[in-house]
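Enquirer: Using the numbering used here, you'd call the opening residue of the sequence shown number 680 and step up by one each time.
Heads up, a few of these hints could be off.
With beta-carbon atoms standing in for the labels, derived distance ranges [said to hold, decoys possible]:
no.: 1; residue 1: Gly-724; residue 2: Glu-791; range: 17 to 25 angstroms
no.: 2; residue 1: Lys-793; residue 2: Gly-972; range: 51 to 59 angstroms
no.: 3; residue 1: Gly-741; residue 2: Val-896; range: 23 to 31 angstroms
no.: 4; residue 1: Ala-751; residue 2: Arg-899; range: 27 to 35 angstroms
no.: 5; residue 1: Lys-793; residue 2: Ser-730; range: 17 to 25 angstroms
no.: 6; residue 1: Leu-811; residue 2: Glu-952; range: 39 to 47 angstroms
no.: 7; residue 1: Leu-856; residue 2: Ala-955; range: 43 to 51 angstroms
no.: 8; residue 1: Thr-931; residue 2: Leu-774; range: 43 to 51 angstroms
no.: 9; residue 1: Arg-800; residue 2: Gly-724; range: 23 to 31 angstroms
no.: 10; residue 1: Leu-856; residue 2: Pro-713; range: 25 to 33 angstroms
no.: 11; residue 1: Leu-992; residue 2: Gly-741; range: 31 to 39 angstroms
Since the hints were made in silico from the structure, they are not lab data. Note that the Cβ used here is the ideal one computed from N, Cα and C, for glycine as well.
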Amino acid sequence: MKWGKIVLQRGHILAGAAFVMLPLAVFASKAMTPLAIGTAVLLLGREVWASRRFPPLPPLGGIVGLLAGGVAWGAISVAWTVDMGNTVGKTGQLLGLFSAGLVLIDAARRLEPKEKTWVKRALLAGFLLGSLVLACESLTDGLLSRWVRGLPAEAGLLFKAPATVAALMVFPVVAALAGRWAWGVTGLLAILLLPTHGTTAVAAVGIGGVVLLAARVRFRVTALVVAGWIVTSVVVAPVAPFVLSSCLHRPTCQTLLPSMVQHRLRIWQFTAERIAEKPVLGWGLDASRDMPGGREEVTLAPGTKSRGALLPLHPHNGVLQWWLELGGVGAMLGAGFLIAMIRNMPVYFARYDDAAALALMVAAIVIGLASYGVFQSWWLGTEWLVVTWMLAVGRRPENTESRSVQCIRY
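The task is simple: from the sequences and hints, build the whole structure.
Expert: Okay, structure coming up:
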């Protein structure tokens, strides 16, 4: 696309988005959705302008096919959902983000070497700037955020969502650095995240860092362990909450466990009970928001006045949400999608960069198992963007055929 002597290339668009992502997330984490969709629209417009036609769709097989199947199953669940409005609305959001994600991924894979360099530099600069701003905002209780939003000084601000974005971005950054200072980057970020009180984000960086180290030494073995963890998590999810919540009846657990942890266990127990009622089809996409009995409040700890809803918006566990809303069919599609991604990492990434990609996946799963709703738009937008950066900065295998032979097999 040209304006006078200016030529707009894919790398320009992706580099701009990579630079602003983390600084933008600090002040408006929900803006990850418009950032992903807006970047995709610009890329699509550039392609249409340059070729006078829409680019061809990627083949609906493997990874893309499983993801499309999950979206389609969510749309089909409108036939039995307990909340028609939420299901229809969420289906539209998923279709929009799915389409935008395909455009982003396609553009990242088609970058020229010089364009990849632009994205790398923009990603590193934006990550450094965003990390410093995030740390400063956390230490000053959101001084800039309160000024920008016009909030009073006593307004409490949380930076857990921006910390989550930073935790995922660290692994494309490690790939962009080609392994140099990888441990320094992950360690420094973990320290910078501490003031945000984003415990899950810190855990994601730590566990992802361990996976990164293990995968750089033995990728195949590490990938098999991660795949086994995913399968086990999906299989035991409907029954595990009953075992975990049993400790709530013991005085020792009631005394030692924080009320937040007790509340989370009660949420998971309630979710498992609802899963048992509709284990195959589920209750319908995004039905967590209006689950029968979900708004009932219970006492979180005996002898206290702390109370909480049995299911506030979502289960705070991605696998349980798959089971609850999409049933066993949706859970199997989700697990299959993750396994397919692992199997194809050696095809898309050169040695060592595949380790960063695997670490990114594990970090995202850790966050998804303990925090946000798996179908929240800003969370999905964040995931699409970080995968785009991973593909944009990661090195391609020199011999795709030989790498595909090394692809993980089960």
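Enquirer: If a hint holds in the structure, say so; if it does not, say that too.
Expert: Tested hints:
1. The beta-carbon spacing between Gly-724 and Glu-791, approximately 19 angstroms, falls within the hinted interval of 17 to 25 angstroms.
2. One distance hint, 51 to 59 angstroms for the beta-carbon pair Lys-793 and Gly-972, holds here, with the actual separation near 58 angstroms.
3. Between Gly-741 and Val-896 the beta carbons are some 27 angstroms apart, a value that agrees with the proposed interval 23 to 31 angstroms.
4. The supplied range of 27 to 35 angstroms is met by Ala-751 and Arg-899, whose beta-carbon atoms lie about 32 angstroms from each other.
5. Between Lys-793 and Ser-730 the beta carbon distance is about 20 angstroms. The supplied range of 17 to 25 angstroms therefore holds.
6. In this structure the supplied range 39 to 47 angstroms holds for Leu-811 paired with Glu-952, their Cβ-Cβ distance being about 46 angstroms.
7. With their beta carbons about 47 angstroms apart, Leu-856 and Ala-955 fall inside the hinted range of 43 to 51 angstroms.
8. Our hint of 43 to 51 angstroms for Thr-931 and Leu-774 holds, since their Cβ atoms are close to 48 angstroms apart.
9. Our hint of 23 to 31 angstroms for Arg-800 and Gly-724 holds, since their Cβ atoms are close to 24 angstroms apart.
10. Checked against the given bound of 25 to 33 angstroms, the beta carbons of Leu-856 and Pro-713, roughly 29 angstroms apart, stay inside it.
11. A hinted range of 31 to 39 angstroms holds for the C-beta pair Leu-992 and Gly-741, which are about 32 angstroms apart.
In summary, the structure agrees with every hint in the numbered list given earlier.
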